[in-house]
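> Since chain A is already given, all that's left is putting chains B, C and D on it; use the hints.
Protein chains: 4
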Amino acid sequence: MADSDVRADKKVQTMTDHNVYDSDQTDDLPSNWGRWGDDDERGTLNLITAESRLRGYAELASGEVVSLAVPISPSLFAGGGPWPRSQVLSPPPVQQTMTYTGSPPRALSDVLLIYTHHVHMTHIDALAHIPLDGLVYPGKSLFETTRGGTINHGSTSAFTGGIVTRGILLDLAPGARLDAEYVIHAADLDAALERTGRSLEPGDAVVIRGGWRVREREDIDDPYPYFALDVIQWLADHDVSIIASDVGDRVLSKPGAEIPLHDVALARLGMPLIDGAEVEELAETADRLGRWAFLFVCGPMPVQNSTGVPVNPLALF
Amino acid sequence: MADSDVRADKKVQTMTDHNVYDSDQTDDLPSNWGRWGDDDERGTLNLITAESRLRGYAELASGEVVSLAVPISPSLFAGGGPWPRSQVLSPPPVQQTMTYTGSPPRALSDVLLIYTHHVHMTHIDALAHIPLDGLVYPGKSLFETTRGGTINHGSTSAFTGGIVTRGILLDLAPGARLDAEYVIHAADLDAALERTGRSLEPGDAVVIRGGWRVREREDIDDPYPYFALDVIQWLADHDVSIIASDVGDRVLSKPGAEIPLHDVALARLGMPLIDGAEVEELAETADRLGRWAFLFVCGPMPVQNSTGVPVNPLALF
Amino acid sequence: MADSDVRADKKVQTMTDHNVYDSDQTDDLPSNWGRWGDDDERGTLNLITAESRLRGYAELASGEVVSLAVPISPSLFAGGGPWPRSQVLSPPPVQQTMTYTGSPPRALSDVLLIYTHHVHMTHIDALAHIPLDGLVYPGKSLFETTRGGTINHGSTSAFTGGIVTRGILLDLAPGARLDAEYVIHAADLDAALERTGRSLEPGDAVVIRGGWRVREREDIDDPYPYFALDVIQWLADHDVSIIASDVGDRVLSKPGAEIPLHDVALARLGMPLIDGAEVEELAETADRLGRWAFLFVCGPMPVQNSTGVPVNPLALF
Amino acid sequence: MADSDVRADKKVQTMTDHNVYDSDQTDDLPSNWGRWGDDDERGTLNLITAESRLRGYAELASGEVVSLAVPISPSLFAGGGPWPRSQVLSPPPVQQTMTYTGSPPRALSDVLLIYTHHVHMTHIDALAHIPLDGLVYPGKSLFETTRGGTINHGSTSAFTGGIVTRGILLDLAPGARLDAEYVIHAADLDAALERTGRSLEPGDAVVIRGGWRVREREDIDDPYPYFALDVIQWLADHDVSIIASDVGDRVLSKPGAEIPLHDVALARLGMPLIDGAEVEELAETADRLGRWAFLFVCGPMPVQNSTGVPVNPLALF
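Residue numbers (the UniProt record's numbering), protein chains in the order written: chain A, 1 to 317; chain B, 1 to 317; chain C, 1 to 317; chain D, 1 to 317.
Bound-form chain A, shown alone (with noise of 0.2 Å):
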């Protein structure tokens, strides 16, 4: 068979799936392209103000700190022997070794694997993650963002200063857990707003829970509660800088989903995401203070030019 006949048939084998929110659907969708510039890297970040902060400060009252990431347990990419000690899931998020210094060592040192979207990982996501038809928030080429190999665009360079501003807890299903087949919507994000005793004003975080914690499932494909497309509108109509959440966009193993959270608001409204923050801490403690709102605060890793970096954000009350 000629070259030419064989790259026929397989043409269509060749596509990936891509941000199917692109194409036609630009005037419908809710985007801050432009809102800002057009070289802007902040995105939705740009709302938080020193008032954003006052907001927060003024919900403190007790001293009680409450962290939002998974502790994570590093494997090993060598170290303890040469031969395998244990079974782990594949690709880990975070790989260790201990490195050699000196006999007797002078200090215990170690280098750290980092892969910096894994979903067991509580991480934020920096803008230029998800492209949308080639290009990045707001509007700039895959070529030029990732020219020379690494991120020159929307970056995570955008967070080395911190994130911190009132964070207000959206608890979708309190005391319990939503049913793995629920869709989330806007109606749900208002009830849990109302029971707050809020109104979110611009810049403000938001947490939410749905009670369900990716790692704990057993295949990737397992049902899991989601986002239908107007919670991404609710957020944009609110202003929201960042949103940290246990659920969000479902991750499936096939190609094709509608994964709003990351191709609406993260692509087009240039809102960093929290991926799998864990929840459960903050639900029980804002339950026992009587108080879902509170001074959220974040100091990622201070790396640049990533597409991301793993954080530990915290809750003070």
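No lab work stands behind these hints: they were computed from the structure. Accuracy of the hints is not assured; some may be wrong.
[As the list claims (entries may be wrong)] Partial list, derived from the structure: chain B residues whose beta carbon lies under 10 Å from chain D:
1. Pro82
2. Pro91
3. Thr99
4. Tyr100
5. Gly102
6. Pro105
7. Glu181
[As the list claims (entries may be wrong)] FRET-style restraints, in silico, Cβ to Cβ:
8. A/Gln87 / B/Glu181: 29 to 35 Å
9. C/Lys254 / B/Glu181: 46 to 52 Å
10. C/Ser86 / A/Ala228: 51 to 57 Å
11. D/Asp39 / B/Glu181: 54 to 60 Å
Here the structure is a predicted model, which means the values were calculated and not measured. For every residue, glycine included, the Cβ atom is placed at its ideal position computed from N, Cα and C.
Structure of chains B, C and D alone, referenced to chain A:
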């Protein structure tokens, strides 16, 4: 020459330097071994209470946030073309490569490789980082601590819940910098504390500024201000919970140096250290506001069982 | 500006260069697609038989062994102290760190990090290394080939049994080097072959010397002798099984370059390439012995499913 | 409890096991320290000459090639989606990730991470791999050897030119396998050698088959045939240059095991070891051909200054 003769000749060369504060000086040096029990892993973080945080909250006024970390520009361990693109200092603190994610890429992702104690990177030292006579705080054997090739005691696991307390900036050279040859004593800290108008309370975090940046030194052995031993006694007397600084110990390339911040404060007091902090912006902000006390918030990447991790501590005003 | 307008503007910038030999030139260029079936993964290695090896054995006479690989001095990704110790070109081909193995260390061990196609490292390219219009030899889709984030077809798996055959050195500039601007044509190979006193047989390996070392160039875009397209036709006509060379394609930093060794020999002929071979010692040995044919023996590190691995091919005389 | 009391209690726990053949047994055990000078780095490879290779050439007859390495299927350290795709033994010998190379990808490339002494991977041990009483062959201090965090003496640098000599297969259990509890003695090697119809000459390589595969054991401490000390004396008496085997030392998880192949042959004789060789196909080929001598050709990846590298030794018939 018989093997035994060769071995006798070389024995003296097999020993690297060690913690010079171990052997005979036990009774003279400050120590917290046993203060919180034989299995304690939190060291001076035990001194932080809700009251510590409320004390920090009381300092909040205007909404500024200052990062105490150096932004890190990663070098590449692969990518950007199969040829070398630049010259870099090696080893670097962080390396990156972007991963293949389909054609076209569904998302942009990467891997980060982190050398946890690199002097050019703001990082937190876990208590196990510095052994003392073959033991780590508060007396666990090196063997048990490193069994399995990871850190089983006194690791970064103690930090995953976050570190939040009141912080005080001790600027040793306001608007200037210390001389390269300066040796810092307790009296210098007293003077700086007085300028803050605050008294230190047990559990407070201390940030110290000498006006120097490790990463700007040409050669690791260039002179650099450092702490004398009495500074450590001062930290112990004030029951400081954690210290971040731009100066502290001199890291020298030749063994045998006295490094009391690591060898006494960390190893004996169980005080976590934040090495290589960036404090210039903090000092400028404090000067401008006329306030040197703030809320200190640190949410380290929650990787357990490691000797240290990069951090981005935030000072909230 | 509406998103669609921005997208239209940028589209042209999203395309990187591609294999310029794909589209229209199919019928004019040499190709082995389909010659050994639609699922073939060995390409021109199929031409090597026991007879090829016997032909190589017939060349053995005096017992010399010459390595065709550049020794690699790894840089460190950690260790040797927590400060940078040197300046290195980045990314480097190989990085090392020694691992912690107890106190005192029971054994000394390390980890190596290898960037498989680094131009300063002698390595073998697997057939999947260069796609042709979204397909890899002999017509598998990129999608299928890279499913699961590894190489499922045309990978280094084809090399794990070793590559042993007769080898012929074609020294294009005996005792000298080609001009920097020289374009190498089939006639140059014919002349060099004549000097060897041998005829090429199907299955032979060819080693080509131009007298240049990639790693000695200051800048990747400095002039460097390279193959014209007719050299590839010559390799095809002679049914060469594998090629190792110090010259071949010009690797340029700007896209669009014509690289027929990779884009035609590898991608269309299914001919594995050994890039960045070290051939000076081979040439000197051949001259001294007055023999340019030898037994070519290559035992690549048997890692499967990769795009390439470092190699150390040996020429036995 | 005062620190000094704690330290006394724990001292005995700080020592890991060490090379049990060091102290008093010097004069009874075979050693090559000093035989080739105090700065020698090649050990028993010094015994290989052109004559060794000619002896190997004389065995060539029919053109078969057998690899003595286990093919390695790498696991992923990133890629294939941001979720874990499989369960693997950890740490694994090799990990891979494919790198981002543009959209569409100009080429497919990857990075490999190699744990050099993993028992499931065929690898060569450099002479510095096993210290002897704080010294490495032929008497260099550990301190000097590891200065700068890399291997300065007795490293893989000695192997970059390739290792080519005659090889002899000693099949200890033709057509069968040794009992799990079998202890291998010199007499077993004599019997196997006799079956080959050859005498060993200084400089020959020896490949030993017991019929076991490390990687097929469920637990590292399951019984496994191993060498008694007199096997090492036999290797010394015959001036073997290098040994590859499927059996040899028992690698146990608890310290204190006697491992004479590593602790005496490698550390005292300066004999490089190829651990974890795959010998079944070699034995079958030898049986079929009725010949157990061959040309042994090993071209290790030419990475210098390491403790070991993966290898793919080839046996040519």
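> Now look at each hint and say whether the structure bears it out.
The hints, checked one at a time:
1. Pro82: Cβ of proline 82 of chain B sits 7 Å from chain D, so the hint holds.
2. Pro91: At about 9 Å, which falls below the 10 Å cut-off, the nearest Cβ of chain D leaves the hint on proline 91 of chain B intact, so it holds.
3. Thr99: Holds - the Cβ of threonine 99 of chain B comes within 10 Å of chain D, reaching about 5 Å at its closest.
4. Tyr100: Given a least distance of 4 Å, the restraint on tyrosine 100 of chain B holds.
5. Gly102: 9 Å, holds
6. Pro105: 6 Å, holds
7. Glu181: 28 Å, violated
8. A/Gln87 / B/Glu181: 29 to 35 Å: For glutamine 87 of chain A and glutamate 181 of chain B the Cβ distance comes to about 56 Å; the hint is violated.
9. C/Lys254 / B/Glu181: 46 to 52 Å: 51 Å, holds
10. C/Ser86 / A/Ala228: 51 to 57 Å: 55 Å, holds
11. D/Asp39 / B/Glu181: 54 to 60 Å: 41 Å, violated
Hint compliance for this structure: hints 7, 8, 11 are broken, all remaining hints hold.
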